[in-house]
Amino acid sequence: MNRHEFLKQLEHALEAEMNPAKVREHVDYYRSYIAEEVKNGKSEKEVMDLLGDPWVIARSIIDSPLNEAEDQYTYADYEEAEQEAPFGTPEIKIKKITGWKIAAVCVGIVLILVLVISLLTGLISMLAPVLVPLLVIWIVLRIVENHRR
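Residue numbers (our numbering): 1 to 149.
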């Protein structure tokens, strides 16, 4: 397989599940990588053998967590967003939180709740030996004071 076939297969595999700007970005990366390796003295065949199957590379790119990140935009994505929203029109962006992000948020909330509860119980257990007798004395004084009247 030569460089052109490799890049064409990679592009075809990525097109099904990625936006065109990201596909261009990945294909350009591999195009420059191949050119750099050839410039460094490797033959095109050696580079193709090192890279392996373009379908496997495409699958790993698509399955990569970085591919799912909503906050990673290319300049072309930014231009498309600018063209879609005319001046004065409010633009609403919704980030999709999925998978491990939801689990991490839930674990974080549970840990914070456990921390707050443990701090409160620790504070109560430290202050109880002092506050309970003071509360009893205060109640007795109120009863005695009300009895005198």
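Misleading hints may appear alongside valid ones.
[What the hints assert, rightly or not] Here are the simulated EDC-like pairs of lysine to aspartate or glutamate, each with C-alpha atoms no more than 20 Å apart in a straight line:
(1) Lys22 x Asp63
(2) Lys8 x Glu36
(3) Lys22 x Glu11
(4) Lys42 x Glu11
(5) Lys8 x Glu25
(6) Lys39 x Asp28
(7) Lys45 x Glu17
(8) Lys101 x Asp28
(9) Lys8 x Asp49
(10) Lys101 x Asp63
(11) Lys8 x Glu46
(12) Lys8 x Glu37
(13) Lys39 x Asp63
(14) Lys45 x Asp28
(15) Lys42 x Asp53
(16) Lys8 x Glu44
(17) Lys39 x Asp49
[Stated by the list, open to error] What follows is a set of in silico ranges between Cβ atoms, one per label pair, in the way DEER data are often shown:
(18) Tyr33 x Lys101: 42 to 48 Å
(19) Leu111 x Glu5: 49 to 55 Å
(20) Leu111 x Asn40: 48 to 54 Å
(21) Ala16 x Val105: 40 to 46 Å
(22) Asn146 x Leu113: 26 to 32 Å
(23) Leu123 x Pro20: 54 to 60 Å
Think of the hints as simulated: they come from the structure by calculation, not from any bench. Source: prediction; values computed, not measured. Beta carbons: idealized from backbone N, C-alpha and C, even for Gly.
Hint-by-hint comparison with the structure:
1. Lys22 x Asp63: holds, 14 Å
2. Lys8 x Glu36: With a Cα-Cα distance of about 19 Å, the restraint between Lys8 and Glu36 holds, given a limit of 20 Å.
3. Lys22 x Glu11: holds, 10 Å
4. Lys42 x Glu11: violated, 23 Å
5. Lys8 x Glu25: OK: Lys8 and Glu25 at ~14 Å, within 20 Å.
6. Lys39 x Asp28: Holds, at roughly 16 Å.
7. Lys45 x Glu17: violated, 28 Å
8. Lys101 x Asp28: Violated, because 30 Å separates the two Cα atoms, which is more than 20 Å.
9. Lys8 x Asp49: holds, 16 Å
10. Lys101 x Asp63: holds, 16 Å
11. Lys8 x Glu46: OK: Lys8 and Glu46 at ~18 Å, within 20 Å.
12. Lys8 x Glu37: holds, 19 Å
13. Lys39 x Asp63: This hinted pair is violated, its Cα atoms lying about 31 Å apart.
14. Lys45 x Asp28: holds, 19 Å
15. Lys42 x Asp53: holds, 18 Å
16. Lys8 x Glu44: Holds, because 15 Å separates the two Cα atoms, which is no more than 20 Å.
17. Lys39 x Asp49: holds, 16 Å
18. Tyr33 x Lys101: 42 to 48 Å: violated, 31 Å
19. Leu111 x Glu5: 49 to 55 Å: 51 Å Cβ-Cβ, so the 49 to 55 Å window holds.
20. Leu111 x Asn40: 48 to 54 Å: The hinted range 48 to 54 Å holds for Leu111 and Asn40, with Cβ atoms some 49 Å apart.
21. Ala16 x Val105: 40 to 46 Å: Once the Cβ atoms are compared, 31 Å apart, the range 40 to 46 Å for Val105 and Ala16 is violated.
22. Asn146 x Leu113: 26 to 32 Å: For Asn146 and Leu113 the Cβ distance comes to about 42 Å; the hint is violated.
23. Leu123 x Pro20: 54 to 60 Å: holds, 58 Å
In terms of the numbered hints stated before, the structure departs from hints 4, 7, 8, 13, 18, 21 and 22, listed from lowest to highest.
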